[in-house]
Amino acid sequence: MAARGRGAGVALGAVEATEAVSPPVATVHEPGEPTTPRVRSEFLYFALRNWKFVLGAAVVLSCLALALVGPLLTDHTPLEFTGPTDQPPSSEYWFGTTSFGQDVYAQFVYGLRAAFLVGALGGGIAWLLGAAIGFTAGYRGGWIDDVLNMLTNVVLVIPTLAILIIVAAYLEVQSYSTEAVIIGLTSWPWAARAVRSQTFSLKTREFVEVARLSGRNTRQIIATELAPNMSSYLLMMFILLFGGAILIGASLDFLGLGPSASISLGLMMNNAFLASALLLGSWWWFLPPGLGIVAIVGGLYVMNVGLDEVFNPKLREL
Amino acid sequence: MSLRVDDLTVYYRSLRGDVKAVDGASFAIGDGEIMGLAGESGCGKSSLGKSLIRMDARMRHVRGRVELDGRELPIDDDSQMNEFRFRDVSIVPQYSMSALTPTRRVGTIAEELLESRGVRFETVRPELVRRLQLVGLSQDVLARYPIELSGGMKQRTVMVLSTLLDPSLLIADEITSALDVSSQRAVGELLVEFRDRGFVKSMIVITHDLAILYQVADTILVMYAGKLAEKASAETVVHGPRHPYTQLLISSLPEVGVRFEETRLAGIPGKPPSLLSPPTGCRFRDRCPLAFAKCEEEPPFVEVGAGHQVACWKAAA
Amino acid sequence: MLEGGRVMLEVKDVSKVYKVGTFGGTRLRAVNGVTFDVGAGEIVSLIGESGSGKSTIGRMILGLSRTTTGTISFEGKDVSALRKAELRTYYADVQGVFQDPFSSYNPIFKADRVLTLVKGFFPGISKSEWDAKVEASLQAVRLDPSTCLGKYPHQLSGGQLQRLLVARALLLDIKLLVADEIISMLDASTRIDVLNLLGDLKRRGLGVLFVTHDLSLGNYISDRTVILRHGEIVELGATEKVFGNPLHPYTKMLLSSVPQLHTRWDAREAHSPPAVASTADAAAPALVAMEPDHLVATGHDGGGSLR
Chain P
1 MAARGRGAGV
11 ALGAVEATEA
21 VSPPVATVHE
31 PGEPTTPRVR
41 SEFLYFALRN
51 WKFVLGAAVV
61 LSCLALALVG
71 PLLTDHTPLE
81 FTGPTDQPPS
91 SEYWFGTTSF
101 GQDVYAQFVY
111 GLRAAFLVGA
121 LGGGIAWLLG
131 AAIGFTAGYR
141 GGWIDDVLNM
151 LTNVVLVIPT
161 LAILIIVAAY
171 LEVQSYSTEA
181 VIIGLTSWPW
191 AARAVRSQTF
201 SLKTREFVEV
211 ARLSGRNTRQ
221 IIATELAPNM
231 SSYLLMMFIL
241 LFGGAILIGA
251 SLDFLGLGPS
261 ASISLGLMMN
271 NAFLASALLL
281 GSWWWFLPPG
291 LGIVAIVGGL
301 YVMNVGLDEV
311 FNPKLREL
Chain A
319 MSLRVDDLTV
329 YYRSLRGDVK
339 AVDGASFAIG
349 DGEIMGLAGE
359 SGCGKSSLGK
369 SLIRMDARMR
379 HVRGRVELDG
389 RELPIDDDSQ
399 MNEFRFRDVS
409 IVPQYSMSAL
419 TPTRRVGTIA
429 EELLESRGVR
439 FETVRPELVR
449 RLQLVGLSQD
459 VLARYPIELS
469 GGMKQRTVMV
479 LSTLLDPSLL
489 IADEITSALD
499 VSSQRAVGEL
509 LVEFRDRGFV
519 KSMIVITHDL
529 AILYQVADTI
539 LVMYAGKLAE
549 KASAETVVHG
559 PRHPYTQLLI
569 SSLPEVGVRF
579 EETRLAGIPG
589 KPPSLLSPPT
599 GCRFRDRCPL
609 AFAKCEEEPP
619 FVEVGAGHQV
629 ACWKAAA
Chain R
636 MLEGGRVMLE
646 VKDVSKVYKV
656 GTFGGTRLRA
666 VNGVTFDVGA
676 GEIVSLIGES
686 GSGKSTIGRM
696 ILGLSRTTTG
706 TISFEGKDVS
716 ALRKAELRTY
726 YADVQGVFQD
736 PFSSYNPIFK
746 ADRVLTLVKG
756 FFPGISKSEW
766 DAKVEASLQA
776 VRLDPSTCLG
786 KYPHQLSGGQ
796 LQRLLVARAL
806 LLDIKLLVAD
816 EIISMLDAST
826 RIDVLNLLGD
836 LKRRGLGVLF
846 VTHDLSLGNY
856 ISDRTVILRH
866 GEIVELGATE
876 KVFGNPLHPY
886 TKMLLSSVPQ
896 LHTRWDAREA
906 HSPPAVASTA
916 DAAAPALVAM
926 EPDHLVATGH
936 DGGGSLR
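First to last, the sequence lines map onto chains P, A and R.
Counting from 1, one number per residue, gives the positions in the first sequence under the numbering used here.
Counting from 319, one number per residue, gives the positions in the second sequence under the numbering used here.
Counting from 636, one number per residue, gives the positions in the third sequence under the numbering used here.
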C-alpha cells in the first residue's frame, strides 16, 4: 500500500506543476482578448479527445454498469450453494461455479457492487477528511497548521495494514460500510498534505485578500474562493482515493480480514486461494475477480493521467 | 553593418490560429551600437529578440533574413542555430535571475554551461573571475547558491555568464524590470561598460522603460502591435519623435519634477489590437489622433531624416 | 506633523517582527518604529525599494497583518487589534487595491463579482438602488458598464481591472484607499490614467496611501512623501520639499539613480548607498524636523544638514 501512496504522489506531483507560481517579477500583462471559449466547454473539448481519459472512463463505467445491472440478470445469490461444484463456465453458470457450488457470476457482480461501495464510501470519507484538514491547515497556518501537521504525519506513518488487522481482529467487521469507514479514516493523510500545499500557494494570491477585505471569514473563503479554484485537483484526488480504497479493501478481504457474511472481489480471491483453485485449474474462479479489480483501479488511474493532461495545457500535445 | 534584419516575420502557433507577433521587421545595427527595443506589452519586442536566437519552440519563422557580421543566421533551424548561440549571439532572458537553478552552486552552473558548449571550464575560469570582479562581485560568488545572492547580484552574474565568450550580439530582455532603482542604475551602466570594453560588439536592450533606454542606448526602436513604429537615436526618440504613438507614449511618462496639480499628463485611450487577426493598414489607426483616410493602407518604414525611420503617413509626408 | 487639516490615519511607532528559522529562533524586523499620518483628502506616498517594509505597513493598516508593537488609529480609534465584526465596520471606511490585477480576481468567476462581494455591507438594499450605486461608481472611475460587466477577468485589460477594484472601494464610500503598487504591472499608456484617477478622487475628498517604489509616480501624485529603507523612515515631509531638497544620503542616492528623460546618469553624481545599520534590534532613529514639514532621520547613518 505504501507503493500505491508513492505512485499517487508522483501523479500528484505532475498536478502540482500545473499550479506553478508565475515568476515573482513585475510583468506587464497582455491586454484583454475578445471572448474566449468558457473554461467548462474547453474542458469537455479536451477531455473527450484524450484517449486515456475516454478509455479509462469507459472501462470504469462499464464495470459500474455491470455492477448495477448484472445482479438483475441472474436469480442466483452469491452465497447459496446452488449447483454442482467446480464447474467451468457454461450456459447455465456463465462464470462457472466454485468448489462449494456457488455461482461465480453472481459472486462477481455482487462483488463489483461491494467494490464500488467501498471505493465511494471509503474514498469519499478520506476525501472529505483530507480536504477539510488540508484546507484548514493550509489557510490558517500558525499553530493550527503545526498541530494538524503533526496529526497528519502521525496517521501517515502508522502502518495502516497493521492497524486494520488489529481493528478487524477485535471489531468483527460485519458490513462493507464499516470496512469502508475504517479505510477512509486511515487513508486521508497524503490527500491532506497535497491540499495543504496547494492551499498555501493559493492563499498568497491577491483575490483572497480582496475577499478578506470584503468581510469574508475563513470558512467562506475556503468554500467559495479556494475550493472552486482547486476543483480539478480535488477531482483527481477523489479518483485516486476511490481507486486506493478499492485496492485496500481488496487486500483486506484477501487476507480474510473483511466481512465474511457477504461477498467481495477480494474475498472471492481469498476463497479461491484457500481452495487451491490455481492448482485445480479452476481459472474461472479467480480470474474474473482479479481482472475486475485490475480493470476498475487501472481504469481509474488511466482516467486520472488523462485528466492531468486535460487540466494542464503544458502536457497536451498540440 | 553588424546586424541586418530584413522583413523578419515570426508567428506563434496557437489553437485559435497564428498570433502574428512580429510582422515584417527590417532594421540594422552597427558595430558597437546599443539599440533599445521599446514598446508596451504584447507589441512583439520580446518575440523579436527571441527570434534572433531562436529560443522558443512555439515560434514559427515565416519569412525574413538575418545577417550577423556578414553571415546569415539560420534562425529557422533550431539545430543549426545551436552553433551560433552563446558564441555569436547570446541572450540574457527575461526572469534570468530566477532561472539560476536553486539547487546548484553558481560555479557549477557556469561549468555546466561552458562544458555543454565544448569549452573547458578551466581555460576560461580566470577570465570569468576577472569579469566577476569587474562587475563588483567577489570570486566566492562561484561557491554560493543563487538564493544567497541579492537580485542585483544574480542579474550581474547572469550577465557575466552570458557574455563570457564575447558574443557579437547580446540580447538583454527586460533585465532591469525586477530590480530596485539603485541596482537598475548599476546594471544599466554595466551594459554600457561591457560594450565599451569590447566584451560584446552590439546589443539589443529590450524593455518597456524608455527612461532607462535614454540613459543606456544609442538608438531606440519603438514597436507597436508587431510592427516597427519608429527608429532613431535615443535623443531624437525622446525629444523629437515623429510617430504619433511615440509622441503620446513619451508625453504619458511622469518624471520627477512633474506634478499632477500643475501638469495633467494624458495616456493613450483604447488598447492595442489583437495579434490573432490584426487590422489591415496602420495598426495604430484606432487610437491615433492624427489618423486619416490614407492610414487604411499600411505605411512603410521609411527614412525621414538621418538615421531616423518612421512608419507613418503623416510623419513621412 | 500635518499642519492644518484633519488627521485621519495615525501610525504611531509601529514595528513588525517576524519569527523565522527553525522553531522561530531568529527574528526579522521588517518594520521598525514607523510614525506618520495621513490627513483627510490627502495623498501620502510610501516610497521604498524591496525589503523596505512598505507593503507590510500597507497590510497592517488594512488589518491583514498584525502589528507587533505600536498603534494604528483611524479617526481617533485604535484599529491595530480589531477582530471580525469591528473589522468589517473598519472596511467600510478603508479599502485596499493591490499590485497584480490578474491575481486580484478569482479567475473562475466573472470580474464584477468583486462588486457583489461588498453587497453584504448594504443589507436590505433593493436591486434598483444597487444597480444605481454600481453605475455611479463605474462612472467615477470612467469605466463603461457595458464593456466590463458580465465579463471574465481574462477578457479585460489590467487597467480596467484595477479601475474596477477602485470602483469596488468607492461603492463603500471609503475615506482611505491603500494603493499598493497598483500601477506597476500596467502598461505605460494606461498607468497615467489610473494615476490621474487617483488625483481626481482626491479632489472628491478621498485620502490615499500610495505605496510604490517608483519615485516619479510618487512625485507626480502625492502631497506628502515618506521614504523608507529597511523598515525605517529616513525622510518624510511635503513632496516638493523631500524631492526638491533631499537631505538624507539615501534619498539623494535614490534620486540620482532614477532614470530620467531629461538628464543622463553621467551628468548626475552617483551616490553610493550609505552603510546599513547592522543591529536588528536597534531602536528606530529619531526624526528631526529640518524645516517645517520636512523630517529626516538622524543617528545611524548620519543625517543630512540643511543646505
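Do not rely on the hints blindly, as some may be mistaken.
[What the hints assert, rightly or not] Computed beta-carbon distance windows for the label pairs:
id: 1; chain 1: R; residue 1: Trp765; chain 2: P; residue 2: Phe43; range: 27 to 37 Å
id: 2; chain 1: A; residue 1: Arg515; chain 2: R; residue 2: Gly785; range: 17 to 27 Å
id: 3; chain 1: R; residue 1: Gly785; chain 2: P; residue 2: Leu61; range: 49 to 59 Å
id: 4; chain 1: R; residue 1: Phe756; chain 2: A; residue 2: Gly599; range: 32 to 42 Å
id: 5; chain 1: P; residue 1: Leu55; chain 2: A; residue 2: Leu594; range: 52 to 62 Å
id: 6; chain 1: R; residue 1: Arg899; chain 2: A; residue 2: Glu445; range: 23 to 33 Å
id: 7; chain 1: R; residue 1: Phe756; chain 2: P; residue 2: Leu44; range: 51 to 61 Å
[Said to hold, decoys possible] Derived lysine-lysine pairs resembling BS3-like cross-links, with alpha carbons at most 30 Å apart:
id: 8; chain 1: P; residue 1: Lys52; chain 2: R; residue 2: Lys719
id: 9; chain 1: R; residue 1: Lys654; chain 2: R; residue 2: Lys754
id: 10; chain 1: R; residue 1: Lys810; chain 2: P; residue 2: Lys203
id: 11; chain 1: P; residue 1: Lys203; chain 2: R; residue 2: Lys876
id: 12; chain 1: R; residue 1: Lys887; chain 2: P; residue 2: Lys203
id: 13; chain 1: R; residue 1: Lys810; chain 2: R; residue 2: Lys745
id: 14; chain 1: P; residue 1: Lys203; chain 2: R; residue 2: Lys719
In case anyone wonders, no lab produced these hints; they're calculated from the structure.
Since the model is a prediction, treat every value here as computed from it, not as a measurement.
Yeah, the Cβ is synthetic: ideal placement off N, Cα and C, and Gly gets one too.
Okay, the hints, checked on the actual structure:
| no. | hint | result |
| --- | --- | --- |
| 1 | R:Trp765 <-> P:Phe43: 27 to 37 Å | 33 Å, holds |
| 2 | A:Arg515 <-> R:Gly785: 17 to 27 Å | 57 Å, violated |
| 3 | R:Gly785 <-> P:Leu61: 49 to 59 Å | 37 Å, violated |
| 4 | R:Phe756 <-> A:Gly599: 32 to 42 Å | 49 Å, violated |
| 5 | P:Leu55 <-> A:Leu594: 52 to 62 Å | 34 Å, violated |
| 6 | R:Arg899 <-> A:Glu445: 23 to 33 Å | 31 Å, holds |
| 7 | R:Phe756 <-> P:Leu44: 51 to 61 Å | 38 Å, violated |
| 8 | P:Lys52 <-> R:Lys719 | 48 Å, violated |
| 9 | R:Lys654 <-> R:Lys754 | 37 Å, violated |
| 10 | R:Lys810 <-> P:Lys203 | 28 Å, holds |
| 11 | P:Lys203 <-> R:Lys876 | 40 Å, violated |
| 12 | R:Lys887 <-> P:Lys203 | 38 Å, violated |
| 13 | R:Lys810 <-> R:Lys745 | 27 Å, holds |
| 14 | P:Lys203 <-> R:Lys719 | 19 Å, holds |
Taken one by one, the earlier hints fail for this structure at numbers 2, 3, 4, 5, 7, 8, 9, 11 and 12, listed in ascending order.
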